[in-house]
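Novice: The sequence shown begins at 273 in my numbering and counts up by one.
Hints in this document: simulated from the structure, not taken from any laboratory. Heads up, a few of these hints could be off.
[To be verified] Within a straight-line C-alpha distance of at most 16 angstroms, the following computed EDC-like cross-link-like pairs (lysine to aspartate or glutamate) qualify:
| hint | residue 1 | residue 2 |
| --- | --- | --- |
| 1 | 522 | 547 |
| 2 | 351 | 279 |
| 3 | 314 | 448 |
| 4 | 568 | 520 |
| 5 | 494 | 302 |
| 6 | 389 | 328 |
| 7 | 393 | 317 |
| 8 | 522 | 435 |
| 9 | 522 | 551 |
| 10 | 347 | 279 |
| 11 | 389 | 515 |
| 12 | 358 | 313 |
| 13 | 419 | 312 |
| 14 | 522 | 564 |
| 15 | 494 | 564 |
| 16 | 419 | 435 |
| 17 | 295 | 547 |
| 18 | 568 | 466 |
| 19 | 494 | 369 |
| 20 | 314 | 290 |
| 21 | 393 | 328 |
| 22 | 347 | 302 |
| 23 | 351 | 302 |
| 24 | 358 | 502 |
| 25 | 358 | 290 |
| 26 | 419 | 499 |
| 27 | 347 | 313 |
| 28 | 392 | 313 |
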Amino acid sequence: MDAKWTEILSAWGTESADIRLRKPGVWEIDQRFMLKAYEDEKSLERNVQFLTVLAECGAPSARIIKTRDGEAYGKAGGKCWLMTAKLPGNSLADIRDPGAAEKMGETIARLHAILRKCEKKLTLWDNSLLNEMEGWVRQTLQQNGWKPVSRQEWLSVTDRLRDLYSGLPRQLIHRDVHFGNFLFQNGEFSGYLDFDLSQRNIRIFDPAYFLTGLLAQEGGSKLSTQEWLEITASVLSGYESVDGLKQEEKAALPCVMESIEILFAAYFASVGNPDAAAEAAKLFHRIRGVEDRIRKALT
Numbered sequence: 273m274d275a276k277w278t279e280i281l282s283a284w285g286t287e288s289a290d291i292r293l294r295k296p297g298v299w300e301i302d303q304r305f306m307l308k309a310y311e312d313e314k315s316l317e318r319n320v321q322f323l324t325v326l327a328e329c330g331a332p333s334a335r336i337i338k339t340r341d342g343e344a345y346g347k348a349g350g351k352c353w354l355m356t357a358k359l360p361g362n363s364l365a366d367i368r369d370p371g372a373a374e375k376m377g378e379t380i381a382r383l384h385a386i387l388r389k390c391e392k393k394l395t396l397w398d399n400s401l402l403n404e405m406e407g408w409v410r411q412t413l414q415q416n417g418w419k420p421v422s423r424q425e426w427l428s429v430t431d432r433l434r435d436l437y438s439g440l441p442r443q444l445i446h447r448d449v450h451f452g453n454f455l456f457q458n459g460e461f462s463g464y465l466d467f468d469l470s471q472r473n474i475r476i477f478d479p480a481y482f483l484t485g486l487l488a489q490e491g492g493s494k495l496s497t498q499e500w501l502e503i504t505a506s507v508l509s510g511y512e513s514v515d516g517l518k519q520e521e522k523a524a525l526p527c528v529m530e531s532i533e534i535l536f537a538a539y540f541a542s543v544g545n546p547d548a549a550a551e552a553a554k555l556f557h558r559i560r561g562v563e564d565r566i567r568k569a570l571t
């Protein structure tokens with residue numbers, strides 16, 4: 273083990289012969305622990321608080337491994353480091369697998385039920401998708417010459433979102449729902465991961481975000497429009513088997529999906545990544561083109 277890792281792991285009084293990078297900034301240690309690097313200590317402290325409350329509420333989430341000094345995290349090399357126990361299981365392999373879409377819908381709904389309990393114990397960012405659309409998203413697109421989304425397209429989506437927004441339930445949400453953050457073992461759910469982006473917002477954001485992410489898949493996992501529409505219906509059916517959705521939420525789903533892709537287009541434009549912005553706009557137009565089919569799939 274090199275000096276860098278000796279310094280980092282010394283906070284836990286351990287050495288390791290097996291350190292594997294699992295994704296940017298996250299390493300698996302001895303197949304037993306996960307170690308995540310943070311540049312922002314306040315963000316880490318928020319995550320520590322969140323994980324602590326999740327455990328108190330009975331959520332199957334990562335358990336914090338304290339340092340040998342009893343601290344929730346360590347510091348080394350100009351960064352902060354959070355170690356958690358590795359949860360059992362893996363991500364679902366393919367949304368096309370029988371029952372996978374329904375299972376994801378059920379799992380998102382159960383997470384929302386847990387987060388409603390946690391909400392009483394946490395003070396987190398109270399965000400609004402509508403305010404984002406009317407605020408920094410509009411400003412960014414305008415500064416970018418209304419590219420890659422036109423002013424008329426932004427206005428059409430934002431006006432519809434505004435009309436529906438007051439009827440959409442708000443609560444604490446995950447905000448980054450994708451396969452990589454949900455674990456399953458032997459076909460059964462085993463744990464939630466990565467609450468760094470959690471916030472209060474409309475609850476339909478989470479299933480909408482998950483579904484738009486599926487549409488963005490490339491290569492052999494790319495879904496046809498018909499497959500995606502069927503999966504959309506199955507995910508929401510799974511959600512409603514646990515907790516019913518309001519009619520306003522179903523009516524708003526296409527609009528929320530489109531808003532998410534406009535948001536991504538504006539974000540990537542703001543950080544100087546026109547290719548990614550164009551891809552987000554492409555997804556926006558794809559969803560916009562099948563709005564009526566989405567509504568039909570939900571009924």
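Novice: Now tell me, hint by hint, if it's right for this structure.
Specialist: Status of each hint after checking the structure:
Taking the CA atoms of residue 522 and residue 547, the gap is near 31 angstroms; set against the 16 angstroms cutoff, the hint is violated. Restraint check: the Cα-Cα separation between residue 351 and residue 279 comes to about 12 angstroms, which is no more than 16 angstroms; the hinted pair holds. Of the pairs offered as hints, the one joining residue 314 and residue 448 is violated, with about 19 angstroms between alpha carbons and a cut-off of 16 angstroms exceeded. Taken as a hint, the residue 568 and residue 520 pair is honoured in the structure, with Cα atoms around 15 angstroms apart against an allowance of 16 angstroms.
Between the alpha carbons of residue 494 and residue 302 the distance comes to roughly 34 angstroms, so the proposed pair goes past 16 angstroms and is violated. Distance restraint check for residue 389 and residue 328: the Cα-Cα separation of roughly 10 angstroms lies within the 16 angstroms cut-off, and the hinted pair is therefore satisfied. About 15 angstroms separates the Cα atoms of residue 393 and residue 317, which keeps this hinted pair within 16 angstroms; it holds. With a C-alpha separation of about 14 angstroms, the suggested pair residue 522 and residue 435 falls inside the 16 angstroms cut-off, and the hint holds.
Taking the CA atoms of residue 522 and residue 551, the gap is about 25 angstroms. The hint is violated against a cut of 16 angstroms. Restraint check for residue 347 and residue 279: satisfied, since their Cα atoms lie roughly 9 angstroms apart, inside the 16 angstroms limit. Between residue 389 and residue 515, the direct Cα distance comes to roughly 15 angstroms. Compliance with the 16 angstroms bound is thereby established for this hinted pair. About 22 angstroms separates the Cα atoms of residue 358 and residue 313, which puts this hinted pair outside 16 angstroms; it is violated.
Between residue 419 and residue 312 the CA atoms are separated by roughly 32 angstroms; this puts the pair beyond 16 angstroms, and the hint is violated. With a C-alpha separation of about 12 angstroms, the suggested pair residue 522 and residue 564 falls inside the 16 angstroms cut-off, and the hint holds. Proximity of residue 494 to residue 564 is assessed by CA-CA distance (about 22 angstroms); at most 16 angstroms being required, the pair is judged violated. Restraint check: the Cα-Cα separation between residue 419 and residue 435 comes to about 25 angstroms, which exceeds 16 angstroms; the hinted pair is violated.
Note on residue 295 and residue 547: the hinted pairing is violated, with a Cα-Cα distance of about 22 angstroms set against a maximum of 16 angstroms. Proximity of residue 568 to residue 466 is assessed by CA-CA distance (about 33 angstroms); at most 16 angstroms being required, the pair is judged violated. Note on residue 494 and residue 369: the hinted pairing holds, with a Cα-Cα distance of about 14 angstroms set against a maximum of 16 angstroms. Taking the CA atoms of residue 314 and residue 290, the gap is about 29 angstroms. The hint is violated against a cut of 16 angstroms.
For a cut-off of 16 angstroms, the pair hint linking residue 393 to residue 328 stands: about 10 angstroms separates their Cα positions. Simply put, residue 347 and residue 302 have alpha-carbon atoms about 20 angstroms apart, too far for the 16 angstroms limit, and the pair is violated. Between residue 351 and residue 302, the direct Cα distance comes to roughly 21 angstroms. Violation of the 16 angstroms bound is thereby established for this hinted pair. A C-alpha spacing of about 34 angstroms is found between residue 358 and residue 502, which places the hinted pair above 16 angstroms, so the restraint is violated.
Simply put, residue 358 and residue 290 have alpha-carbon atoms about 14 angstroms apart, close enough for the 16 angstroms limit, and the pair holds. Proximity of residue 419 to residue 499 is assessed by CA-CA distance (about 30 angstroms); at most 16 angstroms being required, the pair is judged violated. Between the alpha carbons of residue 347 and residue 313 the distance comes to roughly 10 angstroms, so the proposed pair stays at or under 16 angstroms and holds. A threshold of 16 angstroms between alpha carbons decides the hint, and for residue 392 with residue 313 the separation of about 24 angstroms lies outside it, so the pair is violated.
In this structure, the hints that do not hold are numbers 1, 3, 5, 9, 12, 13, 15, 16, 17, 18, 20, 22, 23, 24, 26, 28, in rising order.
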